[in-house]
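Could you build the full structure based on these sequences and the hints that come with them?
Below, each chain spelled out in residue letters.
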Amino acid sequence: MRTSKELLLQPIVLNRTDKEQVLIEGSINSVRISIKIKQADAVEVILTQRFTKFLEQRAEQFAILRRKPVKGYDISFLITNVHVEQMFKHKLIEFIVHFMSEIDKEISSIKLDVNARARSVAQTFASSFL
Amino acid sequence: MLHLETGNNIVKESISRHFQVGLSNAPKSSITSTDYDFVSYAIDFEKSFVKLDVKLHGFAVLLNRSDIKVLDYLKTFPFGQHIQTSPSSGFDLTFHIPEEYTPDNPTEYCEQISKIKYYVFHGFLQSYYKEVTKKENKSIPDPQLIEYRRNEAIYIRGLDDQVEITYRVLFDDNDDFELGKIFIQEFQETKVAGPGIYTFIGKPPAAVAKAFSRYSQNLSAYLVLCLREQLLANSTKCLRSSEMALAFRNYLQFHLKCSKAYIHSRMRNKTTDFIKVLNRAKPDEDKAKAR
Numbered sequence: 001m002r003t004s005k006e007l008l009l010q011p012i013v014l015n016r017t018d019k020e021q022v023l024i025e026g027s028i029n030s031v032r033i034s035i036k037i038k039q040a041d042a043v044e045v046i047l048t049q050r051f052t053k054f055l056e057q058r059a060e061q062f063a064i065l066r067r068k069p070v071k072g073y074d075i076s077f078l079i080t081n082v083h084v085e086q087m088f089k090h091k092l093i094e095f096i097v098h099f100m101s102e103i104d105k106e107i108s109s110i111k112l113d114v115n116a117r118a119r120s121v122a123q124t125f126a127s128s129f130l
Numbered sequence: 131m132l133h134l135e136t137g138n139n140i141v142k143e144s145i146s147r148h149f150q151v152g153l154s155n156a157p158k159s160s161i162t163s164t165d166y167d168f169v170s171y172a173i174d175f176e177k178s179f180v181k182l183d184v185k186l187h188g189f190a191v192l193l194n195r196s197d198i199k200v201l202d203y204l205k206t207f208p209f210g211q212h213i214q215t216s217p218s219s220g221f222d223l224t225f226h227i228p229e230e231y232t233p234d235n236p237t238e239y240c241e242q243i244s245k246i247k248y249y250v251f252h253g254f255l256q257s258y259y260k261e262v263t264k265k266e267n268k269s270i271p272d273p274q275l276i277e278y279r280r281n282e283a284i285y286i287r288g289l290d291d292q293v294e295i296t297y298r299v300l301f302d303d304n305d306d307f308e309l310g311k312i313f314i315q316e317f318q319e320t321k322v323a324g325p326g327i328y329t330f331i332g333k334p335p336a337a338v339a340k341a342f343s344r345y346s347q348n349l350s351a352y353l354v355l356c357l358r359e360q361l362l363a364n365s366t367k368c369l370r371s372s373e374m375a376l377a378f379r380n381y382l383q384f385h386l387k388c389s390k391a392y393i394h395s396r397m398r399n400k401t402t403d404f405i406k407v408l409n410r411a412k413p414d415e416d417k418a419k420a421r
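For the record, the sequence lines run as chains A and B. At position 19 of the first sequence (counting the first as 1) the number is 19 in this note's numbering, and the numbers step up by one without a gap. At position 234 of the second sequence (counting the first as 1) the number is 364 in this note's numbering, and the numbers step up by one without a gap.
Hints in this document: simulated from the structure, not taken from any laboratory. Some hints could be false.
[What the hints assert, rightly or not] Pair ranges (Cβ atoms, derived):
hint, chain 1, residue 1, chain 2, residue 2, range
1, A, N115, B, T136, 22 to 30 Å
2, A, N115, B, V407, 24 to 32 Å
3, A, V13, B, R280, 29 to 37 Å
[Said to hold, decoys possible] Under the rule of at most 20 Å between Cα atoms (straight-line distance), these lysine-lysine pairs were calculated in the PhoX-like manner:
hint, chain 1, residue 1, chain 2, residue 2
4, B, K387, A, K111
5, A, K89, B, K412
6, B, K311, B, K205
7, B, K406, A, K89
8, B, K199, B, K264
9, B, K142, B, K185
10, A, K105, B, K400
11, A, K53, B, K400
12, A, K105, B, K406
13, B, K199, B, K142
14, B, K387, B, K412
15, B, K390, A, K111
16, B, K400, A, K111
17, B, K390, A, K105
18, B, K264, A, K53
19, B, K400, A, K91
20, B, K177, B, K199
21, A, K53, B, K390
22, A, K68, A, K53
23, B, K260, A, K91
24, B, K311, A, K111
25, B, K333, B, K311
26, A, K38, A, K68
27, A, K89, A, K19
28, B, K400, A, K38
29, B, K400, B, K390
30, A, K38, A, K111
31, A, K105, A, K53
32, B, K412, A, K91
33, A, K19, A, K5
[Unchecked claim] To give a feel for the contact side, a few chain A residues facing chain B, derived at Cβ under 10 Å:
hint, residue
34, A63
35, Y73
36, H83
37, H98
38, I103
39, S109
40, L130
Note that beta-carbon positions come from the ideal geometry of N, C-alpha and C, so glycine has one too.
This is the structure:
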């Protein structure tokens with residue numbers, strides 16, 4: 001892997017914060033985009049692991065999703081020349097940007113909903129004594 | 131919000147059917163069931179009576195305390211007259227309900243006998259409740275540890291002004307533990323009037339640490355429920371407190387599993403949304419072919 005230097009382009013790492021990164025590795029016939037998703041606490045770590053595993057199990061439906069992320073990242077996409085011939089380039093880029101914004105939002109939203117449910121469960125239990 | 135039912139529905143419906151159709155028309159096969167606290171019920175339809183055997187598992191220690199007469203409390207119920215002096219081998223309680231017996235209120239009888247586990251627990255707790263409401267000459271019974279599940283236990287401790295029930299809750303894996311911590315912390319932070327609730331993650335509270343010393347601290351949490359005089363003001367409140375106290379562990383685990391199912395359904399919906407967005411990248415001819 002990555003042994004023929006003539007075929008590879010310079011990889012780029014984009015850091016939003018120290019916990020959010022995107023690695024873009026290009027070659028002559030494909031691009032690999034790896035995303036490290038923001039995980040503020042243990043619950044977000046668990047939710048991220050579950051969600052990315054869930055997505056990776058359905059990698060066939062996505063076509064451009066890798067089943068295994070690059071080491072140090074949470075999820076990886078591999079867009080080859082075949083995909084670029086079969087799909088619109090600008091729409092693929094739109095999807096990647098949409099994915100990155102939505103996955104953060106979804107994980108935060110699930111965490112808030114779990115907290116709200118826990119609060120409701122605790123309040124119902126305590127109030128049932130009276 | 132969904133509370134779990136407190137009685138055993140299989141026992142309730144079997145005994146209820148017996149009262150409706152009589153012994154001659156009752157099914158000849160025996161029925162055995164076990165609930166989430168490993169309490170087993172066995173119902174046999176004999177020639178002249180219905181036999182209900184109950185194996186209380188971890189709760190059997192409550193019947194064996196010489197200073198607290200739980201059986202005397204059970205005998206105050208309509209089903210109390212049917213408790214046998216010697217239970218069947220391998221069981222802790224045996225009821226023989228004669229064929230000719232018809233209770234004044236069959237629905238209430240079936241409801242009560244299906245909640246026998248709760249009445250055993252309440253019969254035991256009553257001795258502690260009485261001391262809380264007494265003004266003087268208190269004689270608080272000794273604490274009791276109930277090991278009702280593998281690596282999970284309830285510790286009952288009476289104090290002058292409250293009864294403390296400490297739960298050791300064990301989570302199945304690290305994911306359950308992290309999600310369970312959210313629930314446990316919300317129990318502590320709830321501002322609703324009710325019992326005092328204190329929670330501890332990993333280590334038991336210092337006051338009862340000795341009782342839980344043989345358990346490991348991995349994947350466990352402790353919750354202390356303080357039942358004060360306000361919750362023990364009358365017999366209805368006392369019974370309600372005992373029922374809620376016993377149902378706590380199953381209630382928590384049930385809602386934890388429901389949360390995991392909810393997370394899964396959210397992931398499924400979001401994945402479908404992502405696939406829809408990705409499919410916009412495909413030219414129209416490909417979409418038409420796919421249709």
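Are B:K311 and B:K205 close enough, with their CA atoms no more than 20 Å apart?
Since the Cα atoms of B:K311 and B:K205 sit roughly 41 Å apart, the hinted pair is violated (cutoff 20 Å).
A:K89 paired with B:K412 [C-alpha distance capped at 20 Å]:
10 Å, holds
Go ahead and decide if the range 24 to 32 Å is satisfied by the Cβ distance of A:N115 to B:V407.
28 Å, holds
Would you mind confirming whether the straight-line C-alpha gap from B:K311 to A:K111 stays at or under 20 Å?
13 Å, holds
Given hint A:K91 paired with B:K400 - CA-CA distance at most 20 Å
Between B:K400 and A:K91 the Cα gap is close to 18 Å, so the pair holds against 20 Å.
Hey, B:K390 versus A:K111, does the alpha-carbon distance stay inside 20 Å?
11 Å, holds
Under the criterion of a CB-CB separation shorter than 10 Å, is A:L130 in contact with chain B as hinted?
6 Å, holds
Take the C-beta atom of A:N115 and the C-beta atom of B:T136, compute their distance, and say whether it sits inside 22 to 30 Å.
28 Å, holds
Given the hinted pair A:K105 and B:K400, is their Cα-Cα distance within 20 Å?
Holds - the C-alpha atoms of B:K400 and A:K105 are around 11 Å apart, at most 20 Å.
Is B:K400 within 20 Å of B:K390, Cα to Cα?
15 Å, holds
Run the distance test for A:K53 versus B:K390: straight-line Cα separation, threshold 20 Å.
Given pair A:K53, B:K390 holds - Cα atoms ~15 Å apart, limit 20 Å.
For the pair A:V13 and B:R280, does the Cβ-Cβ distance stay inside 29 to 37 Å?
49 Å, violated
Checked against the numbered hints above, the structure violates hints 3, 6, 13, 14, 18, 20, 23, 27, 33, 35; every other hint is satisfied.
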